[in-house]
Every structure is written in C-alpha cells, then in structure tokens.
Amino acid sequence: MHLYDKPSGFYGSVPIVAGTVSLAVGAAMAAKMQKTDDIGAAYIGDGAVEEGVVHESFNLAKIQKAPILFIIENNLFASHMHISLRQPSNMISRFAVANDIPYKVVDGNDVVAVAKASEELINDMRAGKGPALIELITYRWYGHVDWRDDVDVGVKRSLDDIENWKARDPILRLSKAMMKAKMWTKEEEENLNINIEKEIHTSWERAMKDPYPASSATLKYVYFHENK
Amino acid sequence: MNTQRYSYSTAILSAFEYLLENYPEVFVIGQGLWSPWYVGNSMTDLEKNFGVDRIIDTPVSEAATTGAAIGASLAGMKPIVVHPRMDFMLYAMDAMVNQAAKWSHMFGGQSHPGVTIRSIINRGGEQGAQHSQALHAWFAHVPGLRVVMPSTVADARDLLIASVLCNDPVIYIDDRWLYEQEDDLPPVTELNLTSQMPLVSIIGVDITIVASGHSSLLAREAAQKLQNENISVEVIDVRVLNPFFAEKIIESVKKTKNLLVVDSGWISGGFSAEIIAKVVESLPVNCLNNPPVRIALPDAPAPTSIVLEKDYYTSSDDVVNTVRKIVKN
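Sequence lines, in order, name chains A and B. Position one of the first sequence corresponds to residue 1 (our numbering), numbered consecutively onward. Position one of the second sequence corresponds to residue 1 (our numbering), numbered consecutively onward.
Just chain A, same shape as in the assembly (with noise of 0.2 Å):
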C-alpha cells in the first residue's frame, strides 16, 4: 500500500491503479531540468493501462523528452477479470506504437531477459531519447487480494495453468541456468534463502513489536509544517 524509500530512489507507491504514473512522468521531467542522469520509472500492469491518465502521461511523456521507463508487468489479470474481457487486444505494447515510444516485449520470468532489455531502454534514455516502454509478459500466481490462487472468485483460470507458470519461476529459472553455468552451487542458493527467510523473520518480530502510533499521529502529517 503506502511504501517509501526515498534513499533509493523510490517515491511512493500507492494504492490508485494508475495514479502514479504521472507522478512518474514528473519525476522524470525533474531528472531532466535538474541535470542529473537520473530517469524515472513507472511500474504498472495490463489494467492500468484501461486508466485515461496512463495515456496522457504516455502522450506528455513524449513530447517532453522525459526519460521515463514504462515497466508493464502484463500478467493477463486486473482484479477479477482475464485481459480478454477488458480489452480488444492483449498486447500492451500497441499503445508505445501510438504514441511513437520505443518499447521491447520481453519474457518477464526471465530475469537476464529483463535486465538486458532494460539496459538498452535506459541507454537510450540517458542519451537524452526521451521516454521508453518495456512490456513484461508473465503471470498472476495470486489472487487479487490475498495469497490464494483465486481461482473460484469470478476468475476462470485453472490450476493446471497457475502450477505450469509456477514452473517458469523467473528466480528458480536463473539460479537453475547459474548453476549450469557454474556461477554458484546449490549450496550457495540453500545458503541465500536461509539468510532470506532469517530477514524476513526478524522484520517481522520487528514490526510486531513496533509501538502503534500516538493517538496526535492522525493530525501530525497532514500538513508539512505541522511535522515540526
């Protein structure tokens, strides 16, 4: 929901499907005025696209030179309805052709694939190219909501068909292809999640021993100078 971590570059994610892609668009225009070899990114799926605002973002995106990345993580699902049922095509990236951005459509469960993609999009922006769109094909394993797989609540998917994407794990496909490779070992992957797993606890044990907020938190944040 509310997620921040500005040190990192990333400033806010938020509930609104779609509401920050423009926010994105801006981000990236400051990036441009301030001279920094910055760019912006903007993470979205299929549905986000049925939004008004996406394609003025795309449209201004452009014609401002704005180096902005659009990541479209296609995964043929928005809440409870199949792309199919919500739009004429399911390739997302006929609206880069419309709006003349250079765009790939890459196997989104193939991390290298990914990363390789990215790098040539995100040259091309530094070197003042303007916006780019890469179209990430992939796959919801859960439901909308929650961890189930969501296949009873309106959605007609099987599970067959989630059990076969699950098979395509992009992590497990490239630790597979390390150790092909000899990269790493399975000792060393056995190693990494352990030390995931113990992180994941110990935040949690973190967060369920964090104090809930002071009641005077409700009006503190509302206005910047109220913060002091």
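Note that these hints are calculated values from the structure, not bench results. Careful: at least some of the hints might be erroneous.
[Stated by the list, open to error] Result set (BS3-like, lysine-lysine): computed pairs, CA atoms no more than 27 Å apart in a straight line: (1) Lys48/B to Lys65/A; (2) Lys220/A to Lys278/B; (3) Lys257/B to Lys62/A; (4) Lys220/A to Lys6/A; (5) Lys48/B to Lys35/A; (6) Lys48/B to Lys129/A; (7) Lys257/B to Lys325/B; (8) Lys328/B to Lys220/A; (9) Lys198/A to Lys220/A.
[Unchecked claim] Here are some of the chain B residues that sit facing chain A, going by a computed Cβ distance under 10 Å: (10) Asp53; (11) Ala69; (12) Gly109; (13) Ala129; (14) His131; (15) Cys166; (16) Val307.
Built from N, CA and C at the ideal position, the CB exists for glycine as well.
Since the structure of chain A is provided, determine the placement of chain B on it from the hints.
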C-alpha cells in the same frame, strides 16, 4: 515607501516573475501558457523572458499535467500548474485529492508535494454552466490541501509567492472579475502561508460581512455604499479557506452581533455554511441580534442567457439590500 502601481492581474504576473527570478526550481506548466490570452495579462511574456523549458505549454491533458507537477515537486522542484478555468481542472481531481493531498499523511510526514495549482474562476459573459464554476468549497473540504483565494491586489501577488514557497500542495484560486482592481504595492516581502489569517479589511460596528475572493470585493463595495446611510460594516476577507481559522471572525461577530456571509459558490453544502457553523459554535447563546444570513449562488448550474445571469450572480447592491434588512430589523 517605494511603491509601484499594479492591477490584480499584473500583480500575479509580478509574483511569477519574482519566483522565476529568485528560485531556479520553480517552473510553470499548463495549457495556454504560450498564448496568454487564456489568462488575461497575468502571464504576459513569461515564456519569452524565462524560456519555454520553464514555462511549459502542454497537451490538452489536465490529469497528467497536474500529476507530473506533483511528481516533479517530490523530486525537489517547485512547480506551478495553471488551469485557466476551474471547470477543466476537474479532470485532475485524482492527482489533487488522492495524491497531493494525501501524500504527506500516507508516508508519515517523510515526503511533501510542494506544488501550487493555480485555478481561475472565469464566469459571466454568457459562457454558461461549464465555463463558470467556483468550486473552492470542494477543495476546502479536503485535509492536506491548502486553499487560497486572494481578493486584493497585494494578496494576488504575495499569496501566490507564499503558496509556491510553502511545502504543501496549495490550490490558489483567482477570479477574472478581480483583475481590474488597482493598488500601489511595496517591494515583495516573502510571507509564510501557514500564518496567514483572515484579515479585517474594513472596520465597522453594526454588522460583520465575511467573504473571500470576488465576494470580498462585493463586500467592500457594499460597505462603502452603506457608509452614506450611517451603517457601519466590518468586512473580513477569509484569504485562506483551508486550513480555516475563524478566531478573527468570531471576535468581530461578538462585537457587531450580526453576521452576513457572501460566497461565490452554490449555497447548499458551500463554504458559507462552514463559516457560519465555525462562528456560531463558538459564540455565547443569544449573542446575535439576528440570525446569520448568507448570500450565495442558487442551487443551479450557471445559466447561459444574459438575462438569467444577471439574477444568478451576486452584485454589491444585493449585499447592500441584505445588510439593510438585517440591520434595520
């Protein structure tokens, strides 16, 4: 003191010039900025003097433009969005109400969109229902937004500068019917928007009239006319509608014991009701000599016919007549 003559609109222009000269992080974005007939003479030649990279005319995209300005503010800029008509700004409601207004609160005060959104009320002249609206009450309803309605030449300039220098999202609303006012202004002193309160613009003893924007001008004109009849009117200009501080108004009403509110929005659910509520809540019982009265627009969209328009919009004579009725009651 060294003063210079300004109209309300050239005072706005001078605020833009001051900000663009002194703050490199300020830029202006919106529709019609390279063709400034859209905004009277409040932005003349800005693109020539400060360049088209800082004065950005945009596609017909209110939503994306406003959102982009908010995003740029999060990245350290001080953007000013211009919506030459408030009616068209409604396309940008998500950016203003869901994003800008909530941002500081959602992220626990870590991040603040210091963006100014200038919106112009532009009505009359048979322009009709979609070229006329004064929706300040909507924005005053939303915590997290600051809502500014300058009524005087000085405020047109100084509150625009204060809005842009403020770290919060500000909706700055000016009114084309105010552009002809003139005044002599001293050089700019930067004001802190958060400490700007309602201002007593005329001192009086018989009745308090509270208003903002163009309605404040009507109140001041009415007060002048009523002087000849020995009715002494105190006029209070609200200036900042959100957050709204009513203390000065309450003090005034305790003295005059009569309250009239004039507002350029619709009467039902409007800001006039908020003013009366805030005042009455804090008054001793039986403090008022008469029930509080409000003058606002009838609950109908703006008509296109010039004959109907004349009835629809409030004139200073309407204010004069209402005051007479209250005071002579």
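Going down the list of hints, with the structure as the test:
no., hint, in the structure
1, Lys48/B to Lys65/A, "holds (21 Å)"
2, Lys220/A to Lys278/B, "holds (22 Å)"
3, Lys257/B to Lys62/A, "violated (60 Å)"
4, Lys220/A to Lys6/A, "holds (20 Å)"
5, Lys48/B to Lys35/A, "holds (22 Å)"
6, Lys48/B to Lys129/A, "holds (26 Å)"
7, Lys257/B to Lys325/B, "holds (15 Å)"
8, Lys328/B to Lys220/A, "violated (46 Å)"
9, Lys198/A to Lys220/A, "violated (34 Å)"
10, Asp53, "holds (7 Å)"
11, Ala69, "holds (6 Å)"
12, Gly109, "holds (4 Å)"
13, Ala129, "violated (23 Å)"
14, His131, "violated (22 Å)"
15, Cys166, "holds (8 Å)"
16, Val307, "violated (38 Å)"
Hints 3, 8, 9, 13, 14 and 16 from the list above are not met by this structure, while the remaining hints are.
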